[in-house]
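Engineer: Heads up: the sequence lines are chains P and D, in that order. What the first sequence shows, in our numbering, is residues -14 to 100, in sequence order. What the second sequence shows, in our numbering, is residues 213 to 325, in sequence order.
In case anyone wonders, no lab produced these hints; they're calculated from the structure. The structure presented is a predicted model; accordingly, all values stated were derived computationally and were not measured. A portion of the hints provided could be inaccurate.
As the list claims (entries may be wrong) - In silico contact screen, one side only, chain D against chain P (beta carbon under 10 Å); selected entries:
| no. | residue |
| --- | --- |
| 1 | Pro220 |
| 2 | Glu232 |
| 3 | Gln253 |
| 4 | Pro255 |
| 5 | Phe257 |
| 6 | Gln262 |
| 7 | Ser270 |
| 8 | Asn274 |
| 9 | Thr309 |
| 10 | Tyr315 |
| 11 | Gly319 |
Claimed, not checked - Label-pair distances were calculated between CB atoms; the ranges are:
| no. | chain 1 | residue 1 | chain 2 | residue 2 | range |
| --- | --- | --- | --- | --- | --- |
| 12 | D | Gln292 | P | Ser65 | 47 to 53 Å |
| 13 | D | Gly228 | P | Thr(-3) | 41 to 47 Å |
| 14 | P | His99 | D | Ser239 | 38 to 44 Å |
| 15 | D | Arg276 | P | Pro64 | 45 to 51 Å |
| 16 | D | Asp269 | P | Ala2 | 29 to 35 Å |
| 17 | P | His(-5) | D | Ser239 | 37 to 43 Å |
| 18 | P | Pro25 | D | Arg234 | 20 to 26 Å |
| 19 | P | Thr(-3) | D | Thr225 | 33 to 39 Å |
| 20 | P | Lys46 | D | Gly252 | 44 to 50 Å |
| 21 | D | Gly215 | P | Ser11 | 28 to 34 Å |
What the hints assert, rightly or not - Here are the simulated lysine to any residue pairs, SDA-like style, with alpha carbons at most 20 Å apart:
| no. | chain 1 | residue 1 | chain 2 | residue 2 |
| --- | --- | --- | --- | --- |
| 22 | P | Lys53 | P | Arg7 |
| 23 | D | Lys290 | D | Gly252 |
| 24 | D | Lys223 | D | Glu312 |
| 25 | P | Lys34 | D | Thr309 |
| 26 | P | Lys46 | P | Pro64 |
| 27 | P | Lys53 | P | Pro(-8) |
| 28 | D | Lys229 | D | Val301 |
| 29 | P | Lys34 | D | Lys223 |
| 30 | D | Lys227 | D | Leu323 |
| 31 | D | Lys290 | D | Glu226 |
| 32 | D | Lys227 | D | Lys290 |
| 33 | D | Lys290 | D | Gly240 |
| 34 | D | Lys223 | P | Pro25 |
| 35 | D | Lys223 | P | Gly28 |
| 36 | D | Lys290 | D | Leu325 |
| 37 | P | Lys34 | D | Leu323 |
| 38 | D | Lys223 | P | Gln27 |
| 39 | D | Lys290 | D | Arg321 |
| 40 | P | Lys34 | P | Gly1 |
Cβ coordinates follow ideal geometry from the N, Cα and C atoms, glycine included.
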Amino acid sequence: AQSVTQPDIHITVSEGASLELRCNYSYGATPYLFWYVQSPGQGLQLLLKYFSGDTLVQGIKGFEAEFKRSQSSFNLRKPSVHWSDAAEYFCAVALLSGGSYIPTFGRGTSLIVHP
Amino acid sequence: GAGVSQTPSNKVTEKGKYVELRCDPISGHTALYWYRQSLGQGPEFLIYFQGTGAADDSGLPNDRFFAVRPEGSVSTLKIQRTERGDSAVYLCASSNTAQETQYFGPGTRLLVL
Chain P
-14 AQSVTQPDIH ITVSEGASLE LRCNYSYGAT PYLFWYVQSP GQGLQLLLKY
36 FSGDTLVQGI KGFEAEFKRS QSSFNLRKPS VHWSDAAEYF CAVALLSGGS
86 YIPTFGRGTS LIVHP
Chain D
213 GAGVSQTPSN KVTEKGKYVE LRCDPISGHT ALYWYRQSLG QGPEFLIYFQ
263 GTGAADDSGL PNDRFFAVRP EGSVSTLKIQ RTERGDSAVY LCASSNTAQE
313 TQYFGPGTRL LVL
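Taking the hints into account, I'd like the entire structure generated from these sequences.
Structural biologist: What follows is the structure, given as structure tokens:
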């Protein structure tokens, strides 16, 4: 079965600093990978996804992620963090099941942004 | 347009009671998903509908949990004989087709006393 590890429960950065959130997955075949963001009182929102092709994926809100097969990683990055980026971030790996991609989520990383 | 909506936003019930949680997907979306998110955890898949039928219900934890989508739009998640361990946020998502982006609702926070 597939699994996702987000080793950092909390990350604190200063506004304007760069950000990298770590994600490692365990899955035998080529994975389908996602990053979601969950802000207080709001639903989960897809930031970006990787299915195949270019291993550097661009997403919304200035985020990007890089798929590294050799490291089984899919880390999320942003060059300059804004205070509004404070939220919970979830990495997910998906299997194709019943005709859809059913994600298995990591436990999440809480991003705290200092002014 | 309107996003995915879920009602109620909060539900408090007593152990052993029956509860129903409702999900209104984005209009026209054929695929609908239910997840459960416990405190400090990521969402956990429960069940996925394609149209009116459950295409994958492998995430339902036991037979106390059941979900329906009779007309291929609104879905109801039903929990019988609730237990304190059922306390969580129940999330619903929908997508235009089964392989497109899932859009999540705000969730229903269930507390079983």
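Engineer: All the hints need checking, so say for each whether the structure fits it.
Structural biologist: Cross-check of the supplied hints:
1. For Pro220(D), the interface hint is violated, the least distance from its beta-carbon to any beta-carbon of chain P being 15 Å, above 10 Å.
2. A least Cβ separation of about 20 Å between Glu232(D) and chain P goes past the 10 Å threshold, and the interface hint is therefore violated.
3. The interface hint given for Gln253(D) is met, as the beta carbon of that residue sits about 5 Å from the closest beta carbon of chain P, less than 10 Å.
4. The closest approach between the C-beta of Pro255(D) and any C-beta of chain P is roughly 5 Å, which is under the 10 Å cut-off, so the hint is satisfied.
5. Nearest Cβ of chain P to the Cβ of Phe257(D): about 5 Å, under the 10 Å cut. The hint holds.
6. This hint holds: Gln262(D) has a C-beta 6 Å from the nearest C-beta of chain P, less than the 10 Å allowed.
7. Interface hint status for Ser270(D): upheld, as the beta-carbon distance to the closest one in chain P is roughly 8 Å, under 10 Å.
8. A distance limit of 10 Å between C-beta atoms decides the matter here; for Asn274(D) the minimum to chain P is near 19 Å, and the interface restraint is violated.
9. Hint status for Thr309(D) relative to chain P: holds, with the closest Cβ pair at about 9 Å, below 10 Å.
10. The closest approach between the C-beta of Tyr315(D) and any C-beta of chain P is roughly 7 Å, which is under the 10 Å cut-off, so the hint is satisfied.
11. About 7 Å separates the beta-carbon of Gly319(D) from the nearest beta-carbon of chain P, less than 10 Å, and the hint is met.
12. Taking 47 to 53 Å as the suggested C-beta distance range, the pair Gln292(D) and Ser65(P) conforms, at roughly 50 Å.
13. Roughly 43 Å separates the CB atoms of Gly228(D) and Thr(-3)(P), a value that falls within the hinted 41 to 47 Å.
14. Roughly 41 Å separates the CB atoms of His99(P) and Ser239(D), a value that falls within the hinted 38 to 44 Å.
15. At roughly 47 Å, the beta carbons of Arg276(D) and Pro64(P) sit within the given window of 45 to 51 Å.
16. Checked against the given bound of 29 to 35 Å, the beta carbons of Asp269(D) and Ala2(P), roughly 44 Å apart, lie outside it.
17. Checked against the hint of 37 to 43 Å, the C-beta distance between His(-5)(P) and Ser239(D) comes to roughly 38 Å, which is consistent with it.
18. Checked against the hint of 20 to 26 Å, the C-beta distance between Pro25(P) and Arg234(D) comes to roughly 23 Å, which is consistent with it.
19. Distance hint for Thr(-3)(P) and Thr225(D): a CB-CB separation of about 37 Å, consistent with the stated range 33 to 39 Å.
20. Between Lys46(P) and Gly252(D) the CB atoms are about 24 Å apart, so this pair departs from the stated range of 44 to 50 Å.
21. In this structure the supplied range 28 to 34 Å holds for Gly215(D) paired with Ser11(P), their Cβ-Cβ distance being about 33 Å.
22. The straight-line distance between the Cα atoms of Lys53(P) and Arg7(P) is roughly 12 Å, inside the 20 Å bound, and the hint therefore holds.
23. Distance restraint check for Lys290(D) and Gly252(D): the Cα-Cα separation of roughly 24 Å exceeds the 20 Å cut-off, and the hinted pair is therefore not satisfied.
24. Our distance criterion of 20 Å between C-alpha atoms is broken by Lys223(D) and Glu312(D), whose separation comes to about 30 Å.
25. Between the alpha carbons of Lys34(P) and Thr309(D) the distance comes to roughly 16 Å, so the proposed pair stays at or under 20 Å and holds.
26. Between Lys46(P) and Pro64(P) the CA atoms are separated by roughly 11 Å; this keeps the pair inside 20 Å, and the hint holds.
27. Distance restraint check for Lys53(P) and Pro(-8)(P): the Cα-Cα separation of roughly 17 Å lies within the 20 Å cut-off, and the hinted pair is therefore satisfied.
28. The suggested pairing of Lys229(D) with Val301(D) holds, with an alpha-carbon distance near 17 Å, which does not exceed 20 Å.
29. A distance of roughly 33 Å separates the Cα atoms of Lys34(P) and Lys223(D); the hinted pair therefore is violated under the 20 Å criterion.
30. Between the alpha carbons of Lys227(D) and Leu323(D) the distance comes to roughly 10 Å, so the proposed pair stays at or under 20 Å and holds.
31. Taken as a hint, the Lys290(D) and Glu226(D) pair is honoured in the structure, with Cα atoms around 15 Å apart against an allowance of 20 Å.
32. Proposed proximity of Lys227(D) and Lys290(D) is supported: the alpha carbons are some 14 Å apart, at most 20 Å.
33. For the given pair, Lys290(D) sits about 23 Å from Gly240(D) by alpha-carbon distance, which is inconsistent with the 20 Å threshold.
34. Under the criterion of a C-alpha separation no larger than 20 Å, the hint pairing Lys223(D) with Pro25(P) is consistent with the structure, at around 18 Å.
35. The suggested pairing of Lys223(D) with Gly28(P) holds, with an alpha-carbon distance near 18 Å, which does not exceed 20 Å.
36. With a C-alpha separation of about 17 Å, the suggested pairing of Lys290(D) with Leu325(D) holds against the 20 Å cut-off.
37. Restraint check: the Cα-Cα separation between Lys34(P) and Leu323(D) comes to about 33 Å, which exceeds 20 Å; the hinted pair is violated.
38. Between Lys223(D) and Gln27(P) the CA atoms are separated by roughly 18 Å; this keeps the pair inside 20 Å, and the hint holds.
39. Simply put, Lys290(D) and Arg321(D) have alpha-carbon atoms about 14 Å apart, close enough for the 20 Å limit, and the pair holds.
40. Restraint check for Lys34(P) and Gly1(P): the C-alpha separation of about 24 Å exceeds 20 Å, so the hint is violated.
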